[in-house]
Amino acid sequence: MASYRTPLGRARGMGAAKQGVGHFIGQRVSAAALIFLVLWGVFSALTLARGDYDAAVAWLRHPLNATLLALTIGVGSYHMQLGMRVIVEDYIAKPLNKTLLLILNVFVAWGAGALALVSLLKVAVGGGAY
Amino acid sequence: MAEAAPGVRERPLSPYMIWRWHVTMAASILHRATGSALYGGMLILAGWAVALASGKGAYDTYMGLLGSIPGKVVLFGLTVCIFFHLANGVRHLTWDMGKGFEPRTANLTAVVAYAFAVVAAVAVWALAAATGAL
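Protein chains in written order, with our numbering: chain A, 1305 to 1434; chain B, 86 to 219.
Worth flagging that the hints you see were computed from the coordinates, not collected in a lab. Just so it is clear, the structure is predicted and the values come from calculations on it, not from any experiment. Wrong hints could be hidden among the right ones.
What the hints assert, rightly or not - Restricting the straight-line Cα-Cα distance to at most 20 Å, the calculated cross-link-like pairs of lysine to any residue (SDA-like) are: (1) Lys-1426(A) with Gly-142(B); (2) Lys-184(B) with Gln-1331(A); (3) Lys-141(B) with Leu-1419(A); (4) Lys-157(B) with Leu-1350(A); (5) Lys-1402(A) with Ser-121(B); (6) Lys-157(B) with Ala-208(B); (7) Lys-157(B) with Gly-1345(A); (8) Lys-157(B) with Asp-1356(A); (9) Lys-157(B) with Tyr-1357(A); (10) Lys-157(B) with Gly-1355(A); (11) Lys-1426(A) with Ala-143(B); (12) Lys-157(B) with Val-1346(A); (13) Lys-141(B) with Asp-1356(A); (14) Lys-141(B) with Ala-1359(A); (15) Lys-184(B) with Phe-1328(A); (16) Lys-1426(A) with Leu-1368(A); (17) Lys-157(B) with Arg-1354(A); (18) Lys-1426(A) with Gly-132(B); (19) Lys-1426(A) with Leu-128(B); (20) Lys-157(B) with Lys-1402(A).
Unchecked claim - Quick partial rundown of chain A residues pointing at chain B, CB under 7 Å, derived from the structure: (21) Ala-1335; (22) Ala-1360; (23) Gly-1380; (24) Ala-1416; (25) Ala-1420.
Yeah, the Cβ is synthetic: ideal placement off N, Cα and C, and Gly gets one too.
Take the sequences, apply the hints, and build the full model.
This is how it looks when you write it as structure tokens:
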């Protein structure tokens, strides 16, 4: 059967969704990273729960811990923003509500991620709130 | 026109008409439910980072909150969510490679994901208790 798509439409490779496979691939790659980051995170939570404030500051001043925690927060926020987007798109039918929730989702995910990142950098680089 | 002519076999029902609870569909919806719960978990983690950056007083208050009975209930629930979402996420990644779609395999891996979530969460909390983290 002949294709009725224009050459430009075929070159862009986008259908009714108006987007490509970026969401799909981003979700999967971040998922693969989170397998390792989350296992490390659970292990780290046990360490942190044993110690007090000074121990937590000392823990976060170690570059490896700061880097892995920053990645966990950054990749986790990205992954959860993508996942919540799909949930909203699937269950919220009204266009206005859907759009508002999708924007709120981006604000919350990026806001929480940025807040956590700046906070941990303040401790990791500055040595806590002394 | 809507009536099937005599002799024509019955039309298949829409999946929407025949859905029922099954281990695989429960795993599917639980993947979304646990993912949403972990969304809240990220907010708790962000709160922890803010408390740590705010000083010893704020940190001790926040850790006291997490260490209270309701705090521990929430954290244990999130631990189960983490391990279920992790195990079921690996199921999704294998499906993306085109493997594991046979009904028997899909049922088995769903049950394994449930079991892993509970066993791993209990193991982590037992380890926490044994090492004095609780």
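Results for each hint:
1. For the proposed pair Lys-1426(A) and Gly-142(B), the alpha carbon gap of about 17 Å is at most 20 Å, so the pair holds.
2. At roughly 19 Å between alpha-carbon atoms, Lys-184(B) and Gln-1331(A) fall within 20 Å of each other, so this suggested pair holds.
3. With a CA separation close to 18 Å, the supplied pair Lys-141(B) and Leu-1419(A) stays within the 20 Å bound.
4. The straight-line distance between the Cα atoms of Lys-157(B) and Leu-1350(A) is roughly 13 Å, inside the 20 Å bound, and the hint therefore holds.
5. Restraint check for Lys-1402(A) and Ser-121(B): the C-alpha separation of about 17 Å stays at or below 20 Å, so the hint holds.
6. The suggested pairing of Lys-157(B) with Ala-208(B) holds, with an alpha-carbon distance near 15 Å, which does not exceed 20 Å.
7. Taking the CA atoms of Lys-157(B) and Gly-1345(A), the gap is about 17 Å. The hint holds against a cut of 20 Å.
8. The suggested pairing of Lys-157(B) with Asp-1356(A) holds, with an alpha-carbon distance near 17 Å, which does not exceed 20 Å.
9. In summary, the hint linking Lys-157(B) to Tyr-1357(A) is supported, as the alpha carbons are separated by about 19 Å, within the 20 Å threshold.
10. The suggested pairing of Lys-157(B) with Gly-1355(A) holds, with an alpha-carbon distance near 17 Å, which does not exceed 20 Å.
11. Between Lys-1426(A) and Ala-143(B), the direct Cα distance comes to roughly 15 Å. Compliance with the 20 Å bound is thereby established for this hinted pair.
12. Under the criterion of a C-alpha separation no larger than 20 Å, the hint pairing Lys-157(B) with Val-1346(A) is consistent with the structure, at around 14 Å.
13. Among the hinted pairs, Lys-141(B) with Asp-1356(A) is consistent with the structure: their alpha-carbon atoms are about 9 Å apart, no more than 20 Å.
14. Between Lys-141(B) and Ala-1359(A) the alpha-carbon distance is near 11 Å, which keeps this suggested pair within the 20 Å criterion.
15. With a C-alpha separation of about 18 Å, the suggested pair Lys-184(B) and Phe-1328(A) falls inside the 20 Å cut-off, and the hint holds.
16. About 15 Å separates the Cα atoms of Lys-1426(A) and Leu-1368(A), which keeps this hinted pair within 20 Å; it holds.
17. For the hint linking Lys-157(B) to Arg-1354(A), the alpha-carbon distance of about 14 Å falls within 20 Å, and the restraint holds.
18. Between Lys-1426(A) and Gly-132(B), the direct Cα distance comes to roughly 14 Å. Compliance with the 20 Å bound is thereby established for this hinted pair.
19. At most 20 Å may separate the alpha-carbon atoms for a hinted pair to count; Lys-1426(A) and Leu-128(B) meet this at roughly 18 Å.
20. Proximity of Lys-157(B) to Lys-1402(A) is assessed by CA-CA distance (about 34 Å); at most 20 Å being required, the pair is judged violated.
21. Restraint check, Ala-1335(A) versus chain B: the minimum CB separation of about 5 Å is within 7 Å; hint holds.
22. About 6 Å separates the beta-carbon of Ala-1360(A) from the nearest beta-carbon of chain B, less than 7 Å, and the hint is met.
23. A least Cβ separation of about 6 Å between Gly-1380(A) and chain B falls short of the 7 Å threshold, and the interface hint therefore holds.
24. With a cut of 7 Å, the hint placing Ala-1416(A) at the interface with chain B holds, because the nearest CB-to-CB distance is about 4 Å.
25. For Ala-1420(A), the interface hint holds, since its Cβ comes within 7 Å of a Cβ in chain B; the closest pair sits about 4 Å apart.
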